[in-house]
Amino acid sequence: MIRKKAFGVPIAVVSVDEALDGDWEAHRHEVDIVRVPNPPVERWPELVSAGFFPKPQVVVWRAATAGSEKEFLDGLPSKDRRNVFAARRRVVAGGLRFEVLPVSPALLDAFLPLYESQVARMRHGWAVATEHRARILDSADQYFAVCVWDGDDLAGACLNLQSRDKDEVRARFSAVVPDHREAGLPRLLYLEVVEEARRRGFGWVSLGSDPNLYGHIVKPGLFGFKSRLGFVAVPSHFVDPGSGSDQADRIVGLSALTDPSFVLAYAEGADGRPQRGSALRLEMFSSADQLDLRPYSPAYLTSVRLHHLDALSLENPR
Numbered sequence: 000m001i002r003k004k005a006f007g008v009p010i011a012v013v014s015v016d017e018a019l020d021g022d023w024e025a026h027r028h029e030v031d032i033v034r035v036p037n038p039p040v041e042r043w044p045e046l047v048s049a050g051f052f053p054k055p056q057v058v059v060w061r062a063a064t065a066g067s068e069k070e071f072l073d074g075l076p077s078k079d080r081r082n083v084f085a086a087r088r089r090v091v092a093g094g095l096r097f098e099v100l101p102v103s104p105a106l107l108d109a110f111l112p113l114y115e116s117q118v119a120r121m122r123h124g125w126a127v128a129t130e131h132r133a134r135i136l137d138s139a140d141q142y143f144a145v146c147v148w149d150g151d152d153l154a155g156a157c158l159n160l161q162s163r164d165k166d167e168v169r170a171r172f173s174a175v176v177p178d179h180r181e182a183g184l185p186r187l188l189y190l191e192v193v194e195e196a197r198r199r200g201f202g203w204v205s206l207g208s209d210p211n212l213y214g215h216i217v218k219p220g221l222f223g224f225k226s227r228l229g230f231v232a233v234p235s236h237f238v239d240p241g242s243g244s245d246q247a248d249r250i251v252g253l254s255a256l257t258d259p260s261f262v263l264a265y266a267e268g269a270d271g272r273p274q275r276g277s278a279l280r281l282e283m284f285s286s287a288d289q290l291d292l293r294p295y296s297p298a299y300l301t302s303v304r305l306h307h308l309d310a311l312s313l314e315n316p317r
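The numbering used here puts the first residue of the sequence shown at 0, with every later residue one more than the last.
Just so you know, not all the hints are guaranteed correct.
Once the Cα atoms are required to be at most 27 angstroms apart in a straight line, the calculated DSSO-like pairs of lysine-lysine come out as [claimed, not checked]: (1) K165 / K78; (2) K218 / K3; (3) K165 / K69; (4) K4 / K218.
Hints listed in this document are in silico derivations from the structure and should not be mistaken for laboratory results.
Quantities reported herein were computed from a predicted structural model and do not represent experimental measurements.
Let the sequences and hints guide you as you build the complete structure.
Next comes the structure, spelled out in structure tokens:
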């Protein structure tokens, strides 16, 4: 067993045999997650019986651009369409304007302070775009930016990478000033990315990839936000063959995770065994006896299950 901290979360990395033999409830004051990297598929049923959930390490969020904006919006639940229209009314009333621009040093000079400020408010934030500034500029001809201006001030922007090989535009980095974030501007920003991708002849838009543990680097609310925009989470290896690995996680504590936290596990097949396919189910962990699971229940998931964990802290175990 190897114990480590990944961005502040205590994890025990174990083999399949260690996972099956261990009394992991006894370690819940020491770690939040017990993880088996790349477990053989034939051992998955044993791991499931021991409380582990085989899952893709990374999920990618994708949506088809559809034939028109109306067709895309018609695919959203009625409440989410109304939210889009309400946000657009607020944008018009506020005098904001959208603009598509090439990525340039001047644009990054305006965008990165906004982006860094947003990342700094995150518990486990990582300013990737700042670190990759030179790489972004080296590939600037493959990018475009959707920007939102409040007068002469940048209110929000999304930097997008184009891939003709994948027939995809990927929203790589985005940021919105806090006041406009609360008014629903991020939703409109991504919809403008979809519109521009459609105009450029792309069939797909991706909102990027997430590590498959919601409650750590990425928060549960982000899952709901992307789902309500019409995007679907799929294992990364279905988009980039050979790119994704698998894990089997058992969550035993929430000391450094949000409450609730969840993973997207491989769904079970007709034989009741987890299948390494595109179908996923959501395994939610919370100290609450009851939890409204509707925000985490998009139609593409096969099921959503709630697992109760006693509220424990590494600093104050009981």
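Exercise. Among all the numbered hints in the text so far, which are the ones the structure does not match?
Worked result: As far as the earlier hints go, only 1 is violated by this structure.
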